[in-house]
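Here the protein sequences line up with chains A and B, keeping their order. All the letters of the first sequence, read from the start, carry residue numbers 31 to 645 under the working numbering. All the letters of the second sequence, read from the start, carry residue numbers 6 to 372 under the working numbering.
In case anyone wonders, no lab produced these hints; they're calculated from the structure. Values in this document were obtained by computation on a predicted structure and should not be read as measured data. A virtual CB, placed ideally from N, CA and C, is assigned to each residue, including glycine. A couple of the hints might just be wrong.
One-sided and incomplete, this derived list gives chain B residues near chain A with beta-carbon spacing under 10 Å [unchecked claim]:
| id | residue |
| --- | --- |
| 1 | W26 |
| 2 | R137 |
| 3 | Y211 |
| 4 | H214 |
| 5 | Q235 |
| 6 | A283 |
To give an idea of the chain B side of the interface with chain A (calculated C-beta under 10 Å), a few residues [said to hold, decoys possible]:
| id | residue |
| --- | --- |
| 7 | W250 |
| 8 | L251 |
| 9 | E263 |
| 10 | T266 |
Here are the computed distance ranges between Cβ atoms for each label pair [to be verified]:
| id | chain 1 | residue 1 | chain 2 | residue 2 | range |
| --- | --- | --- | --- | --- | --- |
| 11 | B | P25 | A | V77 | 33 to 39 Å |
| 12 | A | T128 | B | T246 | 24 to 30 Å |
| 13 | A | E136 | B | N221 | 28 to 34 Å |
| 14 | A | D132 | B | Q210 | 34 to 40 Å |
| 15 | A | S172 | B | N221 | 42 to 48 Å |
| 16 | B | Y298 | A | V77 | 29 to 35 Å |
| 17 | B | L98 | A | E136 | 36 to 42 Å |
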Amino acid sequence: MITHESSATIRNEREESQLVQGRFRFVVVVMLAVFVLLGWRFANLQVGEHELYAARADDNRIRLNALPPNRGLILDRQGRVLAENRPAYRLAIVPERTPGLDQTIERLSDLVPVTAEELRRFERQRQRSRRFESLTLKSNLSDEEVARLAIQRHRLPGVEIEPYLTRHYPHGELLSHVVGYVGRIDERDLRRLGREQYRATSHVGKTGIERYYEHLLHGQPGLERVETNAQGRVLRVLERSDPVPGDDLVLSLDLELQQAAYEALGDFAGAVVALEVETGEVLALVSKPGFDPNLFVHGISQFDYSSLLHHHQRPLFNRFLAGGYEPGSTVKPFIALAGLEAGTITPETRVFSRGWFELPGHSRRYRDWRRGGHGWVDLELALAESVNVYFYQLASELGIDRISRELALFGIGRATGLDLPGEISGVLPTRSWKRATFGEPWYPGETVITGIGQGFTVVTPLQLAHATAALAGRGTTAPPWLVVPTESARMVEHADEYWDAVFDGLEAVIYGPSGTARAVARELSVRMAGKTGTAQVFGRPGDEEEVAEREHDELPEHLRNHALFAGFAPLENPQIVVVAVAEHGGGGARVAAPAAARVVRAATELGLLRAEEQP
Amino acid sequence: MNAIMPRPGFGPTLRWRLDPWLLGMLVILMALGCLVLYSATEQNIGMVWRQAVRLSMGLVALAVFAHLPPRLLRLWAPWLYLATLLMLVAVLLFGVGRGAQRWLDLGIIRFQPSEAMKLALPLMLAMLLDRRRLPPDWFTLGMAAVLIALPVALIVMQPDLGTSVLLGASGLCMLFLAGLRWRLIVAMVVALAAAAPLLWLNLHQYQRHRILTFLNPESDPLGQGWNIIQSKIAVGSGGLTGKGWLAGSQSHLEFLPEPHTDFIFSVLAEEFGFVGVASMLVLYAAIIGRGMYMASKCRDSFGRLLAGTLVFLFFVYVAVNVGMISGLLPVVGVPLPLVSYGGTSAVTLLAGFGIVMGLYSRRRFMG
Chain A
31 MITHESSATI RNEREESQLV QGRFRFVVVV MLAVFVLLGW RFANLQVGEH
81 ELYAARADDN RIRLNALPPN RGLILDRQGR VLAENRPAYR LAIVPERTPG
131 LDQTIERLSD LVPVTAEELR RFERQRQRSR RFESLTLKSN LSDEEVARLA
181 IQRHRLPGVE IEPYLTRHYP HGELLSHVVG YVGRIDERDL RRLGREQYRA
231 TSHVGKTGIE RYYEHLLHGQ PGLERVETNA QGRVLRVLER SDPVPGDDLV
281 LSLDLELQQA AYEALGDFAG AVVALEVETG EVLALVSKPG FDPNLFVHGI
331 SQFDYSSLLH HHQRPLFNRF LAGGYEPGST VKPFIALAGL EAGTITPETR
381 VFSRGWFELP GHSRRYRDWR RGGHGWVDLE LALAESVNVY FYQLASELGI
431 DRISRELALF GIGRATGLDL PGEISGVLPT RSWKRATFGE PWYPGETVIT
481 GIGQGFTVVT PLQLAHATAA LAGRGTTAPP WLVVPTESAR MVEHADEYWD
531 AVFDGLEAVI YGPSGTARAV ARELSVRMAG KTGTAQVFGR PGDEEEVAER
581 EHDELPEHLR NHALFAGFAP LENPQIVVVA VAEHGGGGAR VAAPAAARVV
631 RAATELGLLR AEEQP
Chain B
6 MNAIMPRPGF GPTLRWRLDP WLLGMLVILM ALGCLVLYSA TEQNIGMVWR
56 QAVRLSMGLV ALAVFAHLPP RLLRLWAPWL YLATLLMLVA VLLFGVGRGA
106 QRWLDLGIIR FQPSEAMKLA LPLMLAMLLD RRRLPPDWFT LGMAAVLIAL
156 PVALIVMQPD LGTSVLLGAS GLCMLFLAGL RWRLIVAMVV ALAAAAPLLW
206 LNLHQYQRHR ILTFLNPESD PLGQGWNIIQ SKIAVGSGGL TGKGWLAGSQ
256 SHLEFLPEPH TDFIFSVLAE EFGFVGVASM LVLYAAIIGR GMYMASKCRD
306 SFGRLLAGTL VFLFFVYVAV NVGMISGLLP VVGVPLPLVS YGGTSAVTLL
356 AGFGIVMGLY SRRRFMG
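With these hints in hand, go ahead and build the complete structure from the sequences.
If you want it as structure tokens, here you go:
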């Protein structure tokens, strides 16, 4: 059976066939073994390890997204918006979907400026992100940037332009110290507030109302189980619980009065506090200069931050809450009340001011601000003309313990508990405080200067306003508040004639022929009472207003004294308290009293006084 | 030629040479393939239709090759081999294709010479080996080695690792079936092991990368390892009974790479589970078993070697593809025969089965 001619040898067909058949059997066995191996492999994957791979398939497919709640708005008492949420766009990258991440970022920075700071932040996020999470490279894109990116987007895989809501403060510096601001959430915030609640939240209240009421403003995050494809694109929502938006907060503050108070200080740095006497509602709360809180929302640049930090008027410093000032002469009404209560003086007691006061057996002279002295003065004139000798003598006769007790009743040296973070307590001068602080006994000379608000006493403008509210309310007022009302309480008890006597003196400050603040009388449409004061910057006890009057224009600005005024209106039925502090403003009469008068006038014009008369 | 010899070829009566068993199983396989393809192409009926047309063309090729007399095959083998070899050279010079040059653009159609070589090489080798007695002597072995090495080398240069593996394997298979001595086989394995480092140095960067990621897919889970990992997830998550037709999340959410071509078995595994996989493997095993049986029954060594090698080629397709998608083998571009989308390999394979049927139909009916 030879079918072709070139066979060199005789072939044994049978032998060959057996050889090939044997090899066939071998190959078939190998094939069978391979099929068994494959089958075993699939049994292993699909039955043995099924649960592992099923979980990984779900992991692939299903993503849990936390949904950020909308932050509550902050409104003034009339419902005007002080903090709102605005739509914005951010540039986000999913590194896993971006081939050539470095080149992509480089290309992006040709389209929109990306700062070194933003790059650092991006890298930080990257180190602790989950797979297929989108990471923000740059937030708050301008419209032009959005447009530029949108055109190039098809060339930039893994790059997204994501819409989001960003916090915005339409009134900028006007309310920066009250409303505060939100900033990027950091590790410390997460530890403080709880990771679970803030999984979707990028910003958190850092100062002011934003921080104090973070728990109300934030709301509850929602949760979404979504199915995604390999590119991480969401295909459908499997399950969703909506986020619960945060509460809107209505502040007791009046935006227009705030505006008036801010302007009332003119170019001076300082603070203005306006309170409702009866309820403790804060109507205006100014620390000037403020700053633009919007800068902090997207991460303030190094340059902006350092120029705020090194500004000579320190705009970041919250003066009404953390500014400790000597009360100066604004303390005199409280000293007078202590004297009346103790019987040390009556309204008619007369003291002769020859220009200075000496403690018996001491040679040190405590000066009046008027070089020649004020002559014979009673309580009313002593308050009206701010006669130091009268109060030196009264203080030294009262003794520090009675003074301390009286000041403590009015809340000096104690935080008011206003619903804002960062309030300091000030200093109430007492024997025990001095011993604790300096390890020294109290000296009689220190009592003398405490009588005119110098020495150790430190108040914040807010504290002084609260004390003045207690005075205006004849001992009764409520602690100041912005959001959550406080209970009105009787803080101090005195006989009516004592209150009347002090009120007469405070009225004479403005309406008396020689009152220190008589210049503001013509600006007022309601009758106001109050007291001027000067807080020393450059210590020379006893000089007080004299320095202010005489040297105001000669001294370099940063050495000029702080001007204070604490007053209330209307006199017959006090409703509003205004405290103004003008830093380096010289005398209280010259700068602070007119500022306070302007606030009272604005409150009158805005109807804040009449409206409050009804309830 | 002896005129008295019975003529089982084309004669006065045209004999029906198709094997109903093998043909039936192939048709079932292709039908199931279209079902899976429908799911894998995101229910693109147009693509399924195109695939059905190609498969029909393959069946025509099957019928034509089944009726070619072995005499002609033997006669044409050297010319076919030579022509294909020249085309492989031409591909390297003028070829088109992304990344690798695999196609010749002939104006109207694009032709892949490496596919034709899958038929030409076994034909050529079978002819060569059948010229002398088996087992082959040294001269024949040397010739065979050159005949195998030339096209494999040309295809490696394209570069197309998958096809060269298939070709090399089918060549070696034929030598083995022809009775290559065991001593020589052992010597070759040892030599290969010794040459492995040299081979490694001559691989393309992407080929080395593939082998490295095969050894440890998690080292590059988003790049080269992605395919293996996602395919294993698809397979494993299918479980015993699967997620249901058209319901595979890995396949339809784009996690699986190329679900309608090389990774179509993963789609089947995900949607039909182990039950589907086992059924499919049994069907393949039955086709191969039937093929091997038919090959072993051919009337002469030429027929047995040729048919056995063509069936073995089909087997290598299945084993490499299924081994790859289950992570047993590195990712090489080998489609699942008669199921993956794409026409050329289906036509070649069906033509091969045609040859098997033709040879089988000319077997001797012995008692």
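To see whether the hints hold, each was checked on the structure:
1. W26: Because about 17 Å separates W26 (chain B) from the closest Cβ in chain A, which is outside the 10 Å limit, the hint is violated.
2. R137: holds (6 Å)
3. Y211: At 16 Å from the nearest chain A Cβ, Y211 (chain B) fails the 10 Å test, so the hint is violated.
4. H214: violated (16 Å)
5. Q235: holds (8 Å)
6. A283: Holds - the Cβ of A283 (chain B) comes within 10 Å of chain A, reaching about 6 Å at its closest.
7. W250: It is violated, given that the least Cβ distance between W250 (chain B) and chain A is near 16 Å, above 10 Å.
8. L251: violated (15 Å)
9. E263: Since the shortest Cβ distance to chain A is 12 Å, the answer is violated.
10. T266: At about 17 Å, which exceeds the 10 Å cut-off, the nearest Cβ of chain A leaves the hint on T266 (chain B) violated.
11. B:P25 to A:V77: 33 to 39 Å: The hinted range 33 to 39 Å holds for P25 (chain B) and V77 (chain A), with Cβ atoms some 35 Å apart.
12. A:T128 to B:T246: 24 to 30 Å: Roughly 38 Å apart at Cβ, these two residues miss the hinted range, so it is violated.
13. A:E136 to B:N221: 28 to 34 Å: holds (31 Å)
14. A:D132 to B:Q210: 34 to 40 Å: violated (21 Å)
15. A:S172 to B:N221: 42 to 48 Å: holds (47 Å)
16. B:Y298 to A:V77: 29 to 35 Å: holds (31 Å)
17. B:L98 to A:E136: 36 to 42 Å: holds (39 Å)
The structure fails to meet hints 1, 3, 4, 7, 8, 9, 10, 12 and 14 from the earlier list, while all remaining hints are met.
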